[in-house]
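These protein sequence lines are chains A and B, in that order. Sequential numbering of the first sequence, starting at 1, is according to this note's numbering. Sequential numbering of the second sequence, starting at 1, is according to this note's numbering.
Note that these hints are calculated values from the structure, not bench results. C-beta atoms are modelled at their ideal positions from N, C-alpha and C, and glycine is treated no differently. Be aware that one or more of the hints could be misleading.
Here are the computed lysine-lysine pairs in the PhoX-like style, where the Cα-Cα straight-line distance is at most 20 Å [claimed, not checked]:
(1) B:Lys-58 x A:Lys-105
(2) A:Lys-103 x B:Lys-22
(3) B:Lys-61 x A:Lys-105
(4) A:Lys-67 x A:Lys-4
These stretches of chain A come out as covered by chain B in the derived footprint (C-beta under 8 Å, 3 or more residues) [claimed, not checked]:
(5) 74 to 87
(6) 128 to 140
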Amino acid sequence: MKNKGMTIIVKTITRITVWLILVYGIYIILHGHLTPGGGFPGGVIIALAFLNVLLAQGREFTKNWLKMNLLHDLEATSAILYLIVGILGISFTGYFLSNFLPKGKLFNLISAGTIPVLNIIIGLKVCAGLFFVLWSLAIFHLASKEEEK
Amino acid sequence: MIVYILCFILFLVGVYGVLTKKDLIKIILALSIMEYSANLFLILFAYKSGGGMPILSKGEKIQGMVDPLPQALVLTSIVIELGITAMLVAFAIRLYQKYETFDITKIRRLSG
Numbered sequence: 001m002k003n004k005g006m007t008i009i010v011k012t013i014t015r016i017t018v019w020l021i022l023v024y025g026i027y028i029i030l031h032g033h034l035t036p037g038g039g040f041p042g043g044v045i046i047a048l049a050f051l052n053v054l055l056a057q058g059r060e061f062t063k064n065w066l067k068m069n070l071l072h073d074l075e076a077t078s079a080i081l082y083l084i085v086g087i088l089g090i091s092f093t094g095y096f097l098s099n100f101l102p103k104g105k106l107f108n109l110i111s112a113g114t115i116p117v118l119n120i121i122i123g124l125k126v127c128a129g130l131f132f133v134l135w136s137l138a139i140f141h142l143a144s145k146e147e148e149k
Numbered sequence: 001m002i003v004y005i006l007c008f009i010l011f012l013v014g015v016y017g018v019l020t021k022k023d024l025i026k027i028i029l030a031l032s033i034m035e036y037s038a039n040l041f042l043i044l045f046a047y048k049s050g051g052g053m054p055i056l057s058k059g060e061k062i063q064g065m066v067d068p069l070p071q072a073l074v075l076t077s078i079v080i081e082l083g084i085t086a087m088l089v090a091f092a093i094r095l096y097q098k099y100e101t102f103d104i105t106k107i108r109r110l111s112g
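With the hints as extra help, turn the sequences into a complete structure.
And the structure:
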């Protein structure tokens, strides 16, 4: 692994901006039922924040900074969580993915029943899935070099 | 009517890129342009002049919004485009390892 990342200027700026991008992505996910946005765009924004770290700091730092095993489990678990919420809809009301939580008041942050829950689950899935796509593209040639040896 | 013609011209730009360029990365970019023009076509179909966005916001009444169904379709289409682009880039990286070039006229050895 000769890739050690970019210069110290880029690294310092990235250290600050990554958290801002993460907060923005979480905002987009949590307000998915009120404003344009939702699980998919917010998840993409969070994954691109991780991509910033990968570009600026290099592969080795990212591998230690992000717990890859945890992300892997998160990606697999979120699909099952979505299914569980859907089946809970069957058991409460008789239809798949139907709402079983109290609806709350319109335009409140905590409202709209199961939609924010599903948005958060989709956000986790998209974030982990898209980051693993980018990560596997980044380590692609390393893996096949080991194969040839 | 003019916007549909412009949208079709954007599609033709993509077709031109796919057919004439020799660089694999440029072909992938041209394919993305074709996908964008298809998305734009669906969104233009749903638009009506003076229509607002189909989202309830505080203290606003919705009068004559655009059709939200094609927008939901386009969101799905964007997800699929993401998968297609990722797969094509993976193929391009693999081909670059084998041939050490992105030029499709030099990628000829079928048996590897």
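Now the hints, each set against the structure:
1. Between Lys-58 of chain B and Lys-105 of chain A the CA atoms are separated by roughly 12 Å; this keeps the pair inside 20 Å, and the hint holds.
2. Straight-line distance between C-alpha atoms of Lys-103 of chain A and Lys-22 of chain B comes to about 56 Å, which puts the hinted pair past the 20 Å bound.
3. Between the alpha carbons of Lys-61 of chain B and Lys-105 of chain A the distance comes to roughly 17 Å, so the proposed pair stays at or under 20 Å and holds.
4. Distance hint between Lys-67 of chain A and Lys-4 of chain A is fulfilled; the C-alpha atoms sit about 19 Å from each other, no more than 20 Å.
5. Only when three residues or more bring their CB closer than 8 Å to a CB of chain B does the claim for the region 74 to 87 of chain A stand; here the count is 0, and the claim is violated.
6. Interface restraint, the region 128 to 140 of chain A with chain B: holds (5 residues with C-beta to C-beta distance below 8 Å; minimum three).
Of the numbered hints given earlier, the model fails hints 2 and 5; all others are met.
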